[in-house]
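Trainee: Protein chains in written order, with my numbering: chain A, 1 to 754; chain B, 1 to 226; chain C, 1 to 78; chain D, 1 to 78.
One thing to keep in mind: the hints can contain errors.
The calculated label-pair distances, taken between Cβ atoms and stated as ranges, are [to be verified]:
no. : chain 1 : residue 1 : chain 2 : residue 2 : range
1   : D       : Arg3      : B       : Ala159    : 53 to 61 Å
2   : B       : Asp117    : C       : Gly78     : 47 to 55 Å
3   : B       : Asn179    : A       : Asp683    : 55 to 63 Å
4   : B       : Arg116    : D       : Arg3      : 37 to 45 Å
5   : B       : Pro70     : A       : Gly84     : 41 to 49 Å
6   : A       : Glu202    : C       : Gly78     : 56 to 64 Å
7   : B       : Asn179    : A       : Thr628    : 56 to 64 Å
8   : A       : Asp714    : B       : Asp117    : 54 to 62 Å
9   : A       : Lys353    : B       : Val224    : 51 to 59 Å
I should point out that these hints are in silico values taken from the structure, not numbers from a laboratory.
Since the model is a prediction, treat every value here as computed from it, not as a measurement.
Beta carbons are placed, not taken as given, at the ideal position from N, Cα and C, and that holds for glycine.
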Amino acid sequence: MTDIDTVSLAAQDPDKNQPYLELGLKDDEYERIREILGRRPTDTELAMYSVMWSEHCSYKSSKVHLRQFGEDPPASDAMLVGMGENAGVVDVGDGLAVTFKVESHNHPSYVEPYQGAATGVGGIVRDILTMGARPIAVMDSLRFGDAAAPDTKRLVSGVVAGIGGYGNCLGLPNIGGEVGFDPSYAGNPLVNALCVGVLRHEDLQLAQAKGAGNQVVLLGALTGRDGIGGVSVLASATFDDAVDGGGAAGPSKRPSVQVGDPFTEKILIECCLEIFQAGLVTGIQDLGGAGLSCATSETASHGDGGMRVALDKVPLREASMSPLEVLTSESQERMLAIVEPSNVDAVLALCQKWGVVATVIGEVTEGDRLVVTWHGETVVDAPPGSLADDGPVYQRPVARPDDEMDALNAATGARLARPVTSNQLRDAVLVMTASPELCSRRWVTEQYDRYVLGGTVLAMPHDAGVVRLADDSTRGIALALDGNGRFAKLDPYAGAQLALAEAYRNVACTGARPLAVTDCLNFGSPEDPAVMWQFAEATRGLAAACRELGTPVTGGNVSFYNQTGATAINPTPVIGVLGVMDNVARRLPSGFTAADQAIVLLGATDEELDGSAWSWVTHRHLGGRPPTVRLSSERALAWVIGSAGDGQAITMAHDLSEGGLAIALVEACLIGGIGATVTLDGDPFVALFSESTARAIVATDDAEMLFELAGVNDVPAQLIGTTGGDALSVAGQFEITLSELRDASESTLPSLFG
Amino acid sequence: MATTPRIGVVTFPGSLDDRDAARAVRAAGAEAVPLWHGDAELRGVDAVVLPGGFSYGDYLRAGAIARFSPVVNEIVSAASRGLPVLGICNGFQVLCESGLLPGALIRNAGLHFVCRDQRLRVESVTTRWTSDYDEGAEIVIPVKHGEGRYVADQATVDALEADGRVAVRYLDNPNGATNDIAGIRNESGNVVGLMPHPEHAIDPLTGPSTDGLTMFGSVLGALVSA
Amino acid sequence: MARVIVDVMPKPEILDPQGQAIVRALPGLGFEGVTSVRQGKRFEIEIDGGDPAAIARQAAEALLANPAIEDFTVHLDG
Amino acid sequence: MARVIVDVMPKPEILDPQGQAIVRALPGLGFEGVTSVRQGKRFEIEIDGGDPAAIARQAAEALLANPAIEDFTVHLDG
Ligand SMILES: Nc1ncnc2c1ncn2[C@@H]1O[C@H](COP(=O)(O)OP(=O)(O)O)[C@@H](O)[C@H]1O
Ligand SMILES: [Mg+2]
Chain A
1 MTDIDTVSLA AQDPDKNQPY LELGLKDDEY ERIREILGRR PTDTELAMYS VMWSEHCSYK
61 SSKVHLRQFG EDPPASDAML VGMGENAGVV DVGDGLAVTF KVESHNHPSY VEPYQGAATG
121 VGGIVRDILT MGARPIAVMD SLRFGDAAAP DTKRLVSGVV AGIGGYGNCL GLPNIGGEVG
181 FDPSYAGNPL VNALCVGVLR HEDLQLAQAK GAGNQVVLLG ALTGRDGIGG VSVLASATFD
241 DAVDGGGAAG PSKRPSVQVG DPFTEKILIE CCLEIFQAGL VTGIQDLGGA GLSCATSETA
301 SHGDGGMRVA LDKVPLREAS MSPLEVLTSE SQERMLAIVE PSNVDAVLAL CQKWGVVATV
361 IGEVTEGDRL VVTWHGETVV DAPPGSLADD GPVYQRPVAR PDDEMDALNA ATGARLARPV
421 TSNQLRDAVL VMTASPELCS RRWVTEQYDR YVLGGTVLAM PHDAGVVRLA DDSTRGIALA
481 LDGNGRFAKL DPYAGAQLAL AEAYRNVACT GARPLAVTDC LNFGSPEDPA VMWQFAEATR
541 GLAAACRELG TPVTGGNVSF YNQTGATAIN PTPVIGVLGV MDNVARRLPS GFTAADQAIV
601 LLGATDEELD GSAWSWVTHR HLGGRPPTVR LSSERALAWV IGSAGDGQAI TMAHDLSEGG
661 LAIALVEACL IGGIGATVTL DGDPFVALFS ESTARAIVAT DDAEMLFELA GVNDVPAQLI
721 GTTGGDALSV AGQFEITLSE LRDASESTLP SLFG
Chain B
1 MATTPRIGVV TFPGSLDDRD AARAVRAAGA EAVPLWHGDA ELRGVDAVVL PGGFSYGDYL
61 RAGAIARFSP VVNEIVSAAS RGLPVLGICN GFQVLCESGL LPGALIRNAG LHFVCRDQRL
121 RVESVTTRWT SDYDEGAEIV IPVKHGEGRY VADQATVDAL EADGRVAVRY LDNPNGATND
181 IAGIRNESGN VVGLMPHPEH AIDPLTGPST DGLTMFGSVL GALVSA
Chain C
1 MARVIVDVMP KPEILDPQGQ AIVRALPGLG FEGVTSVRQG KRFEIEIDGG DPAAIARQAA
61 EALLANPAIE DFTVHLDG
Chain D
1 MARVIVDVMP KPEILDPQGQ AIVRALPGLG FEGVTSVRQG KRFEIEIDGG DPAAIARQAA
61 EALLANPAIE DFTVHLDG
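When you get a sec, could you build the whole thing from the sequences and use the hints?
Mentor: See below:
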């Protein structure tokens with residue numbers, strides 16, 4: 001142990017050369033650390049600051065933009081816990097609350113798709129558990145390169161199997177999500193996972209270490225060399241020297257991939273929930289990015305004193321780990337609990353019952369220092385807040401790339417060849433239906449358990465997932481997750497709003513009342529002013545739209561550096577909307593449920609084809625401006641569907657989004673197994689494929705009542721046809737049998753990905 | 001009327017559908033009694049359900065470790081004395097591993113986990129768990145598994161078929177199971193194992209049908225009249 | 001400390017979908033001449049004291065292999 | 001016709017949840033002294049023509065092993 005750098009060594013050797021630049025810290029950041037400590041940091045402290053002040057943990061590039069979500073939030077009386085905790089908490093009535101959050105695992109999923117996606121699910125589930133909630137469902141939003149590109153099959157197969165493998169083994173129903181393909185994601189797929197949990201108001205837990213003398217208990221998996229430095233740029237030769245304390249025999253072997261252990265997570269969840277139920281903890285925090293560094297400094301900083309940790313007590317997978325490795329390890333399936341001394345035995349007994357490894361590693365102290373020892377030597381002695389809360393904040397340069405954007409916005413698709421004849425229109429519907437972008441997601445969703453826990457009321461392929469919150473209640477929640485990188489590429493401000501509008505509309509179409517938002521902002525490098533402009537625009541757009549829709553952002557995640565070489569992905573804000581439903585028996589499916597019902601199109605259709613699925617699928621064209629954002633119309637539409645659904649005046653609702661009315665009709669027919677005959681007004685091509693927002697189709701036995709309701713709320717309503725038969729017929733144009741549509745829709749993904 | 005029948009639902013570390021099985025038991029009108037894997041004790045229950053899930057993560061083989069648990073020991077000996085036992089999915093795998101039922105369940109032919117609403121035919125109604133179905137009834141119950149492909153040596157399969165010990169059969173085989181076998185029974189009909197999840201077909205709100213409820217009702221009928 | 005290897009293979013008469021999938025995939029990757037692949041499991045076990053081979057054999061019989069579908073072999077490593 | 005064995009094992013530094021689940025279970029089954037179990041895969045491959053060991057090695061690199069988390073060894077059977 002002689003070559004471990006300690007606080008006393010730091011005092012003796014104040015000018016030791018330290019590899020802070022290699023660890024991703026800037027000169028002035030290093031100076032600030034020296035100032036905070038009043039001396040040079042130890043190697044272990046340096047590593048801690050470097051991970052805690054990394055982009056991933058400190059949000060240093062995004063913080064100034066994310067502030068607008070919290071500072072001027074929309075009026076809502078549902079928020080119990082807002083931004084800043086592990087996940088936001090929303091009151092849903094009956095003394096119940098719901099917590100939900102979406103998070104990215106993009107980069108690990110490119111390296112090892114199965115494990116990257118699996119551990120992504122594991123991480124977000126622990127965030128929800130940390131709030132004191134029982135996780136009740138997951139969702140996933142995925143983006144890959146072109147479906148036919150050489151590497152796409154490896155990524156799709158691995159990611160889908162990994163999401164399923166982990167979530168299924170945890171016993172969490174997967175209730176929805178999305179899959180997209182676009183060449184911009186070829187070298188950088190997006191894997192965003194959402195988890196939602198339910199708790200009683202009084203069960204809320206917070207990530208804080210309070211009460212001097214309280215014990216710090218580490219629960220779950222052994223700590224290995226996983227993901228050390230994964231959150232910053234620590235994988236440098238110099239860092240290896242630092243890790244090995246200079247004297248160790250060569251650089252240690254560090255895994256490049258983390259393997260998930262869902263079984264360990266499952267017993268950890270059940271064990272923690274029993275511990276919460278018994279009232280045995282005063283604070284709890286999951287271990288995610290930056291591992292123990294983050295969990296100890298955050299809980300200490302949010303508590304009322306300091307903390308002392310004996311790092312050598314941490315149970316290790318590999319005995320030869322250094323203190324720095326133990327502190328920054330990102331091994332999965334671990335939690336940190338703060339426990340009153342009199343409750344420690346009870347906690348350990350419950351852990352024994354579930355077979356969860358549990359170890360007291362430290363205690364809450366008076367004062368305001370985080371002190372970490374290693375076999376009696378002090379290796380860290382720092383103010384926890386300086387690590388957790390006082391990281392650097394950057395106002396990164398922002399610059400709209402005028403030439404590129406002006407050219408892009410000018411390149412409208414007005415001159416693209418459009419289908420004109422009945423046959424051309426028919427073909428276009430079939431081509432769109434069969435395209436990887438729009439075809440059935442069954443090949444994916446069949447790999448996910450949607451039944452476990454017994455509360456799933458709607459799941460794929462419906463617009464949103466709906467889950468009943470308790471066996472003895474009719475109350476439920478609806479969740480949708482949406483993003484559209486093409487719209488955001490054309491206009492990031494509108495793109496973020498359109499993603500929100502679509503998720504909101506999806507939730508509304510189940511009959512639920514949209515309440516709150518979570519977001520995962522996937523962008524390129526923040527050091528590129530053009531990317532930072534996209535980010536600034538997207539956050540500004542999202543904040544404004546949330547105010548207009550009355551749905552606060554409760555939390556989320558930022559993923560930067562999504563790019564291949566210098567080329568960034570399409571900016572992709574992925575937005576989750578949560579809604580509530582008083583009576584889940586009234587939920588509206590997305591498919592037709594009976595023949596001889598009137599089909600009504602709600603909302604107004606303009607000629608809006610730039611950025612549309614039609615332009616992309618049939619011409620690989622992206623240019624012009626995205627469809628108009630119509631937030632007040634979205635609100636009115638949601639109100640009409642909610643009221644009509646509650647009054648049982650409509651039997652289904654399906655939103656219009658990618659692929660417009662054509663794809664909405666195809667899906668409504670295929671989901672319900674019931675055909676439709678419709679008559680189109682005006683240009684049939686525009687009617688079928690325009691992607692004007694704030695629209696939905698509904699079916700009803702009582703069209704009159706619906707028209708009245710729509711009229712009162714200023715929602716345009718148009719009777720377009722009738723359900724029934726075994727084909728989709730467009731009067732005067734074409735007819736396609738459901739079996740032909742089904743073949744087109746269902747065969748694409750299996751034939752691509754087997 | 002006799003006292004409410006009590007049906008045990010076992011929880012192993014990694015059991016997932018145990019709450020759901022208990023819900024189905026209650027929906028059928030019985031009391032659900034939780035049984036813990038580590039207790040060598042059946043708490044005087046009238047029947048036992050081994051629920052679905054991934055016991056011990058199922059990393060080695062589905063059900064391989066769970067079958068050594070103290071509670072399974074008790075179940076094996078009670079089953080030989082006629083206790084009705086239903087193994088669902090992972091529970092079926094445990095029953096095969098423990099030798100209460102023959103054969104094994106291996107990786108699905110398509111190598112993917114499969115979750116779908118599955119059409120089935122009830123082949124044997126002379127079991128404690130299927131007596132309320134009509135013979136040959138076609139039902140819809142979800143399947144959701146990655147290792148559900150039933151296999152056994154030819155002699156075993158022949159014997160199952162000859163003795164009418166195939167309990168339920170797939171109408172469109174999701175996993176490549178031999179002879180479309182979805183579930184089997186033991187000779188005396190008190191032990192049934194199947195891959196589909198009847199506990200997820202008890203309420204049209206949360207499942208594709210209510211066909212699964214009949215399975216839990218069947219055993220109750222037998223218990224109440226006994 | 002002894003290291004024992006237990007190899008567990010599907011019985012010849014039992015279907016091996018994973019092995020078959022590999023045989024089907026190989027020609028597409030440019031591998032010719034592979035006529036059969038069978039996929040099993042390999043366990044590397046470290047045992048302290050006792051008769052390591054005997055202990056490993058018992059563990060294989062009891063747990064690591066399922067006699068209905070699998071055969072196994074045990075050998076000391078090295 | 002040659003028979004080649006490819007053994008694929010999780011890299012030593014990579015978590016092996018499968019092996020760990022077995023190690024945790026064994027004491028309960030009366031097996032003492034087992035300090036570590038790692039679970040990998042064993043492939044038995046039959047190859048007709050060419051250089052069987054080289055073909056197997058390439059197949060292992062391309063398909064049988066995942067280089068991010070696994071190591072493999074190849075040897076001719078017998
Ligand atoms: N895009 C975003 N929008 C809103 N809140 C965000 C966003 N990104 C991060 N946050 C919030 O910032 C806080 C820190 O996020 P994160 O580091 O992801 O949490 P954790 O430490 O649990 O991983 C959380 O409260 C999170 O909800
Ligand atoms: Mg967290």
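Trainee: Take the hints in turn and mark each one as holding or not.
Mentor: To see whether the hints hold, each was checked on the structure:
Taking 53 to 61 Å as the suggested C-beta distance range, the pair D:Arg3 and B:Ala159 does not conform, at roughly 34 Å. A hinted range of 47 to 55 Å for the beta carbons of B:Asp117 and C:Gly78 is consistent with their spacing of about 53 Å. At about 56 Å, the CB distance of B:Asn179 to A:Asp683 agrees with the hint of 55 to 63 Å. Checked against the hint of 37 to 45 Å, the pair B:Arg116 and D:Arg3 passes, with Cβ atoms roughly 39 Å apart.
At about 46 Å, the CB distance of B:Pro70 to A:Gly84 agrees with the hint of 41 to 49 Å. A hinted range of 56 to 64 Å for the beta carbons of A:Glu202 and C:Gly78 is consistent with their spacing of about 60 Å. A C-beta distance of roughly 59 Å is found between B:Asn179 and A:Thr628, which places it inside the suggested range of 56 to 64 Å. At about 40 Å, the beta-carbon gap between A:Asp714 and B:Asp117 misses the expected band of 54 to 62 Å.
A:Lys353 and B:Val224 have their C-beta atoms about 35 Å apart, which leaves the hinted 51 to 59 Å range violated.
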